[in-house]
Amino acid sequence: MSDLAGRVKASERRALAKAITLVESTRADHREQADALLTALMPATGNALRLGISGVPGVGKSTFIEAFGLLLLERGHRVAVLTVDPSSSVSGGAILGDKTRMEKLSMDQRAFIRPSPSSGTLGGVAEKTREAMLLCEAAGYDVVIVETVGVGQSETAVAGMTDLYLLLQLPNAGDDLQAIKKGVMELADLVVINKADLDPTAAMRAQAQITSALRLLPTHAHAAPRVLQVSALKAEGIAPLWDALTAQRDARIANGSWAAKRREQSLAWMWERIQAGLRQAFVAHPGVAERLQAATADVREGRTPASTAARQLLAAFRSS
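Residue numbers for the sequence shown follow the numbering used here, so the first one is 28 and each next one is one higher.
Worth double-checking, as some hints may not be accurate.
Distance condition first, Cα-Cα at most 27 Å in a straight line; then the derived BS3-like pairs of lysine-lysine [what the hints assert, rightly or not]:
1. Lys45 with Lys131
2. Lys131 with Lys36
3. Lys261 with Lys36
4. Lys288 with Lys131
What the hints contain is simulated information worked out from the structure, not anything from laboratory work.
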């Protein structure tokens, strides 16, 4: 692992890809190797801006990320993009086509794009996205972007692992009531009206509606979210957006909330992994395994209440 860790810190793209594949593996021996690799690389992590990006399908996330990433490269940054594609509930497969959508960005040696399947993970992010993010930081990428499969639980999941959360919206996407949906807006640090060039009047109206809606939300501990217009296709409005992001970052670093948020995220990540490990241990437990199929059938057919079946299975798990 020391050789792979050294190659990752030397910014070898192939080594970084291999390291992410290792942490994504479900094999027990690979998991032990991944833990050792992450532990060795931890001192080299934490120096990047972690940016979450979400929005409804069709809002232009890939086009936006490419335009945004190219601007950052021009300004001397190194950019890693972790994209998540939804896995099919039928075949289990995923297209993983984001590199094709970001053709210019993917060809630049200063950028790294890694698509991963969601594999059924709730929240629109892959199970090992946080670990992949640390590996990218260790490889020297100072801006790490996490793009989710869409909206829903993804806002909570991405906001829980990134420093700043960016929500992309469309002009003509809804009325004032649509704009005020708290589950989305309370988490967003910046709201971006993309494709503003298609209908400038609608984009201006959407910006005004969302700005008005944000005033009704509880006061944030940090600066109130801003609403900006961009055209990713024409690369318009991207530079002011980056300036707004860096201004929020600098303000939070100055008041201490940046470091505090990261500490809380690390603890939440630990408990999430504990819960996932307990579930795996529960299902694999011999006392549970021999009862699980019958209990599942009884609950499915309505013969046993779900709560009763759960207590019986937990009792079997604790008894040995």
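Status of the hints after comparison with the structure:
1. Lys45 with Lys131: 23 Å, holds
2. Lys131 with Lys36: 25 Å, holds
3. Lys261 with Lys36: 35 Å, violated
4. Lys288 with Lys131: 33 Å, violated
In the structure shown, a violation is registered for the earlier hints numbered 3, 4, in ascending order.
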